[in-house]
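4 protein chains.
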Amino acid sequence: MPQAQGPVRVALIGSGRMGSFHGETLARRLPGATLAAVADPAPGAAEKLAGTLGAPKFFTDAAAAFADPDIDAVVIAAPARFHADLVVGAAAAGKAVFCEKPMAITLADADRAIDAANAAGVVLQVGFNRRYAPDWAAARALLDNGTLGTPRLLRSVTRDPGGFDPSRVAPNTIFLETLIHDFDTLRYLNPGANAVEVFATANALVEPEWKDRGLLDTAVVVVRFDNGAVGTAEACFEAAYGYDVRGEVFGSGGMATMGDGRKTGMVFSGAAGQLADTARGDQELLTSAYIAELAEFVEAVRTGGSATVNGEDARAALEIALAAAQSVETGRPVLIAELAK
Amino acid sequence: MPQAQGPVRVALIGSGRMGSFHGETLARRLPGATLAAVADPAPGAAEKLAGTLGAPKFFTDAAAAFADPDIDAVVIAAPARFHADLVVGAAAAGKAVFCEKPMAITLADADRAIDAANAAGVVLQVGFNRRYAPDWAAARALLDNGTLGTPRLLRSVTRDPGGFDPSRVAPNTIFLETLIHDFDTLRYLNPGANAVEVFATANALVEPEWKDRGLLDTAVVVVRFDNGAVGTAEACFEAAYGYDVRGEVFGSGGMATMGDGRKTGMVFSGAAGQLADTARGDQELLTSAYIAELAEFVEAVRTGGSATVNGEDARAALEIALAAAQSVETGRPVLIAELAK
Amino acid sequence: MPQAQGPVRVALIGSGRMGSFHGETLARRLPGATLAAVADPAPGAAEKLAGTLGAPKFFTDAAAAFADPDIDAVVIAAPARFHADLVVGAAAAGKAVFCEKPMAITLADADRAIDAANAAGVVLQVGFNRRYAPDWAAARALLDNGTLGTPRLLRSVTRDPGGFDPSRVAPNTIFLETLIHDFDTLRYLNPGANAVEVFATANALVEPEWKDRGLLDTAVVVVRFDNGAVGTAEACFEAAYGYDVRGEVFGSGGMATMGDGRKTGMVFSGAAGQLADTARGDQELLTSAYIAELAEFVEAVRTGGSATVNGEDARAALEIALAAAQSVETGRPVLIAELAK
Amino acid sequence: MPQAQGPVRVALIGSGRMGSFHGETLARRLPGATLAAVADPAPGAAEKLAGTLGAPKFFTDAAAAFADPDIDAVVIAAPARFHADLVVGAAAAGKAVFCEKPMAITLADADRAIDAANAAGVVLQVGFNRRYAPDWAAARALLDNGTLGTPRLLRSVTRDPGGFDPSRVAPNTIFLETLIHDFDTLRYLNPGANAVEVFATANALVEPEWKDRGLLDTAVVVVRFDNGAVGTAEACFEAAYGYDVRGEVFGSGGMATMGDGRKTGMVFSGAAGQLADTARGDQELLTSAYIAELAEFVEAVRTGGSATVNGEDARAALEIALAAAQSVETGRPVLIAELAK
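Residue numbers (the numbering used here), protein chains in the order written: chain A, 1 to 341; chain B, 1001 to 1341; chain C, 2001 to 2341; chain D, 3001 to 3341.
Hints were generated in silico from the structure; no laboratory data involved. A quick note: this is a predicted structure, and the numbers were derived from the prediction, not measured. Each residue gets a CB set at the ideal place from its N, CA and C atoms; glycine is no exception. Treat the hints with caution; some may be incorrect.
Far from chain D, by Cβ distances over 12 Å, these chain C residues were calculated [said to hold, decoys possible]: (1) 2017; (2) 2024; (3) 2029; (4) 2164; (5) 2171.
Reference listing, derived: stretches of chain B covered by chain C, where coverage requires no fewer than 3 residues with Cβ under 8 Å from a Cβ of chain C [said to hold, decoys possible]: (6) 1020–1033; (7) 1089–1103; (8) 1139–1151; (9) 1251–1258.
Partner residues aside, some chain A positions facing chain B, computed with beta carbon under 8 Å [what the hints assert, rightly or not]: (10) 153; (11) 199; (12) 222; (13) 333; (14) 337; (15) 340.
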């Protein structure tokens, strides 16, 4: 429970790239929150980030943060495989939870996390950032007010700027960590519909020599929904022009396109033609979305509200990701209903 | 053989919507050609169009046009199921042939058409209009000069403006007549690669009550190529905003996007925001491409050149279309190599 | 008078850069016209272009073309200072006249040209190309149907791609030959209003060392109209990115913007960002407008219609140009009513 | 002087529309600042806003805020005619000053304000928001790194969304309060150059019946700079499509265009065409710029830095505004050097 009048006291779990950004947001960008602690098992990591951001406490064990009565909520930005256990631990300690995607990497884990939050009656929010990006929210508004009509075809694209280390990419990362955003986006823009079947094809086109070791760096996934709409999600780990997040929803009333990739609206016309600079990373392109999702979380904690992107959303996107992985393995479309539970 | 100095004398076979446009181009837009005759089996149809366009001859039987020594070439715009026989007949008579897509609707027919043209030594060009649209040609130029690098992901979209009569849509029209353009486009923008496997999902979302009678008005097709690139083609027979033809090719060097759907570059900013009018039909959006393809054909005939979009291209796109249809039937991806020949 | 059934027989007067383009249009792009003759005083010039384009006759003296009974109409693309006399000569001989801008460079000459055409009862059309460019025509349609409301502020820009020879630029060329287009555009987009006052400032910014010899290569002109609207016209003889023609009309109902400078709709996203190629010259950017204006002329001649852009339009734009030149000389705004007549 | 470690304690002077926004920024959006007090002479106004934003103190007299030792800095958002005196008062009391534009409405007042800040050695920053808008900053970067070359032609546009009360618009508001932004923008994008001469034309086109009472709601101003570049600034108090701030700088190296007016990047394609929603007010369009300018101010106060947009900039923009007003009065261009000092 937050203090009566003060800001929500948040512990950050995980001090890596995304954790650091969330930490900064909690410490410096959200007057309603304070960064109360940082936890990270890597020697010195939590202390260092806590020092930089002025957080009063740091831990190597997340459990210590969960046990701390001066902490109201946690933001989990640890590696994906630890997410479910961390959600369960935090919820059991009565902390509100914001968990980076994917909330879990198995359906059983997802169910455990959801159950734990329900049992504790705490907020459980998941970091599907695109819902907080202005273009996507505007498209959803056109669905909600009927302008777009019934969705027929959807598209969601994520392309990373490259520079990854292929030796450190776990199998199915492209589905579980990258395309999970797109799977949620397809669901977000096809409100009330459920995925029925998934067909995926994937390959190592950026680092072809790693294909034999299981790397998948480029993928296309087709998702058939129970309202007949078909969504296409595609991802690649390297785009020469930077970070690229775009989407499209085409319904009976028209089409919305989201994402123009531009860094600013300034266009330079020179000897080469008209040039608009592009965003080079997610934190640059989605800055306001990353802040908005934490703002909503903090507000939910403060007011006793509930999350609009919750554990069930995380589970539903995970189903599509697991089906996509299975489709690549088998070379066949996979029914969501077939998934081992 | 064309007259020594005069324009190429072309007979138009088929006087429907597309035939009329091609007829007008031959009669009025291409100084190098004359519309020498119109053939159409419908009573009075050929006579009427010939009168309108000033063509000196008209026939109800295409064979009469083939037999006419004053005709150098034919433009076939009859219903798709007659195309292959018409190509064979025209080629056998020594006429150069421009055939609207699809050149054939079975692989056996495609082979017959190709063989007939080869045997006769006549030009055989196929109406894949997008190759002649400036955006697509510009994208291909970026592939040819290496700027785009190796293709990884491609997309091609066709959306018609609606208003079709579902009772008159033959099965698999969406693959054989609509998406055939997109299949060719994917090949055009992935030069030298061959399709290996096709997965398709399709539905009747515009006219759902016709689904039981076999209507497919909305489809998504994933095409895997032998260079690892994956293309997505999608189509719908109705878009609220008009006629929509767009594409994307994403390679190791960057991305090209094609098609902005705008009628002109004029933008009106009013109470509703910024508004750009969209093209409402193919002949409006692709006017210059339709003229350019006939101009190239006429020039090839005149100079004894060969077609850049030929029977082999038509056959390769047809393979993808047939595999897509089979994929929808079976619910499984289909290897091009599996296709019954 | 044109032949009963045949194409309009046109003589081209002037075989330079623009004359050659118009000649090609008459010879090859307009089935309703034939290029019947070319006239140019430069030794061999008319013969050469006539040969290239298949025109049956060529003259060194335009008067010979005027006297030829086999010629129905003339297209004048000679140097500007000869325009008025050529219009008068052609009209006196009963030929329909299309004259490149400026139709005249003094008001007295403009009046002579108008009077001659009126006396002869021939079509007199002036080459204000922007009226035939799709963006501008679409903006005008929004004025005509009331969408834009009453114009308040207008803008018209012309920037040439550079590469000019400063020694060959006559004084006030920027007003009389370049901005004359923009002055007409401001009038076209402020229908029914008349220019009242003009303020201009100009300089040699591209070739500063030529300023002392009277070169003006960059200019801004403010035109106040009698309905209160204010138009701004600006020009520069060199733009690093090519040929740039844009405009804007802002009225009580909203704003229309015209001209995006893009060569095609294809956008390349690469290491530098998003890149759209730009048109590099007027004949590339305005191809369709150049053809459309001659098509309208030929149609007016054939049907006995009248020109929509006529001598009075040429005179009105000239008034603004002369006032702009006088404004630069005097450093003061100049009333149209002050102009020596 | 700020507290050793704590946030900069800022008093807000003026609690109107813009004051409220700045107050919110100080209270809720800038962790480095606190809103320490609100001052406003209107009965109850300061108390009300202080209550809403949690500011501990409120005053009806700004002098009380200046005298308060617990206040480090002031943000002045009172009516323009009081600005100079408030700057002088705050500076004399040793407070750092952020002053909304215009800092003064006479040159003598501007000089007094500058002198007071200099004498006190306090930061004096002026609210020229466009310098903090990403498009404009990006254009300036292209000037600073030489890409744009030497400026030749510049344009800056401001259009308000309308709904103003013509009875409350002081004479020359369009120059002193609206176009002052554009005058600063022209200077910002022509670095190091000074305005030499100004020609302006203005009218009451939105509310024509108020023209006789001196209303000017639409204006065009041409500014000639000492490096030969010519800038055009235009404004109108009502645009049907909302709030419109755009600009262009064209130099020897190319052109930068700034401002696309779009609310988000989402585009809806529907029966009317492609539609992008537009921003409807300055606080919506320039949110981040308004925050960034205060962030820079707070940082300057905290670190003892100086303002990048200072009293001299305010004075230079005021010169252009006063010359524009004089030009409208006299109907003639006005030299900056002529201005009564």
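Verification of the hints:
1. 2017: The assertion about residue 2017 (chain C) holds, with a minimum of 25 Å to chain D.
2. 2024: holds, 31 Å
3. 2029: holds, 30 Å
4. 2164: holds, 15 Å
5. 2171: With a cut-off of 12 Å, residue 2171 (chain C) remains clear of chain D, as the shortest Cβ separation is near 18 Å.
6. 1020–1033: This one holds; 4 residues, not fewer than the three required, reach chain C with a Cβ under 8 Å.
7. 1089–1103: violated (count 0)
8. 1139–1151: holds (count 4)
9. 1251–1258: holds (count 6)
10. 153: holds, 6 Å
11. 199: Holds, because the Cβ-Cβ distance from residue 199 (chain A) to chain B comes to roughly 5 Å (cut-off 8 Å).
12. 222: holds, 6 Å
13. 333: holds, 7 Å
14. 337: violated, 14 Å
15. 340: Result: violated, 21 Å to nearest chain B Cβ.
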